[in-house]
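Q: Going line by line, the protein sequences match chains P and V.
Residue 12 in the numbering used here sits at position 12 of the first sequence, with consecutive numbering throughout.
Residue 67 in the numbering used here sits at position 67 of the second sequence, with consecutive numbering throughout.
Please note that a few of the clues may not be correct.
Listed below are the simulated DSSO-like cross-link pairs for lysine-lysine, each with C-alpha atoms no more than 30 Å apart in a straight line [what the hints assert, rightly or not]:
#	chain 1	residue 1	chain 2	residue 2
1	V	K57	V	K39
2	V	K79	V	K57
3	V	K79	P	K57
4	V	K67	V	K57
5	V	K67	V	K39
6	P	K57	P	K67
7	P	K79	P	K39
8	V	K79	V	K39
9	P	K79	V	K79
10	V	K79	P	K39
11	V	K39	P	K79
12	P	K67	P	K39
13	P	K57	P	K39
14	P	K57	P	K79
15	P	K39	V	K67
16	P	K57	V	K67
Think of the hints as simulated: they come from the structure by calculation, not from any bench.
2 protein chains.
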Amino acid sequence: MSDPQDMPSLSEAQMEIMNIVWDRPDTTLGEIWLELHSKRSIARNTIQTLLSRLVDKGWLVYRAEGKIFHYRAAVPREKTMTHVVNRLVETAFNGSAEGLVMALLDGQDLDADEAQRIRALIDRAQAGQK
Amino acid sequence: MSDPQDMPSLSEAQMEIMNIVWDRPDTTLGEIWLELHSKRSIARNTIQTLLSRLVDKGWLVYRAEGKIFHYRAAVPREKTMTHVVNRLVETAFNGSAEGLVMALLDGQDLDADEAQRIRALIDRAQAGQK
DNA sequence: TTCTTACACCTACAGTTGTAGGTGTATTCT
DNA sequence: AGAATACACCTACAACTGTAGGTGTAAGAA
Numbered sequence: 001m002s003d004p005q006d007m008p009s010l011s012e013a014q015m016e017i018m019n020i021v022w023d024r025p026d027t028t029l030g031e032i033w034l035e036l037h038s039k040r041s042i043a044r045n046t047i048q049t050l051l052s053r054l055v056d057k058g059w060l061v062y063r064a065e066g067k068i069f070h071y072r073a074a075v076p077r078e079k080t081m082t083h084v085v086n087r088l089v090e091t092a093f094n095g096s097a098e099g100l101v102m103a104l105l106d107g108q109d110l111d112a113d114e115a116q117r118i119r120a121l122i123d124r125a126q127a128g129q130k
Numbered sequence: 001m002s003d004p005q006d007m008p009s010l011s012e013a014q015m016e017i018m019n020i021v022w023d024r025p026d027t028t029l030g031e032i033w034l035e036l037h038s039k040r041s042i043a044r045n046t047i048q049t050l051l052s053r054l055v056d057k058g059w060l061v062y063r064a065e066g067k068i069f070h071y072r073a074a075v076p077r078e079k080t081m082t083h084v085v086n087r088l089v090e091t092a093f094n095g096s097a098e099g100l101v102m103a104l105l106d107g108q109d110l111d112a113d114e115a116q117r118i119r120a121l122i123d124r125a126q127a128g129q130k
């Protein structure tokens, strides 16, 4: 299983594809295209290229069934997201998680439930450290 | 004053430059180069190009003093960071701030002070909504 | 005065990325 | 059988990005 740290970074369009594949392991070009095409005009070939390059980069693997490729992510979602956020903290926030949270809160309207869940996450993270 | 939403996104290298300029308004090519060069081998011309392109993209403005350009950010840091984080929440976390925080906590070891400060940030954000 | 340094600018290259037309082949539909 | 559909693959283009050599000019140092 690959490590996100050893792989090229993901652009927004690539991340979009990855999220679809994480949501639906073994998905196919056709399925991905149907989903994205329902949101915006995009050529099937564009998706094809994105998939092909993600395979080249090591982010996706596939299993051929007949002539159809079924794609799976080569890296777990959680591991990738952690890596992505860490990179952002390091490169944009000079290592400050607090800085990231501040920017997050500036731009989001948290409802009470969500705020509570986030507090619980922090508490759990803190508890896990003892 | 420009709006980050109307401008091309920033790459990691560009963000690095922006952070230096936000830290030191009116800075010059030479100063930026000295700072980065102390961390790693990089040609002055590379910085020059990064600066020039950031100006082209609208992220930096400059004032010529003699033949030396003094660069300033065209967008406040806070506004940019909020935008950057929002983009990440939208594109990688399907709009879930909680998802981002979970990934953040997975990858960071919060000390007690920091956790407390983050809780306070959340409380303040919540209070500000009433 | 000559040499050195610094600068903005010009130029170039290679890699990356999003976009998509086109093709041969196989399968399915009419 | 012919037409339509789907696929992986080939190909192409333009824009973006990081990297950096080179140049004319001005200012400072020797």
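Q: When the structure is checked against the list of hints, which entries are broken? Sort them ascending.
A: 3, 15, 16
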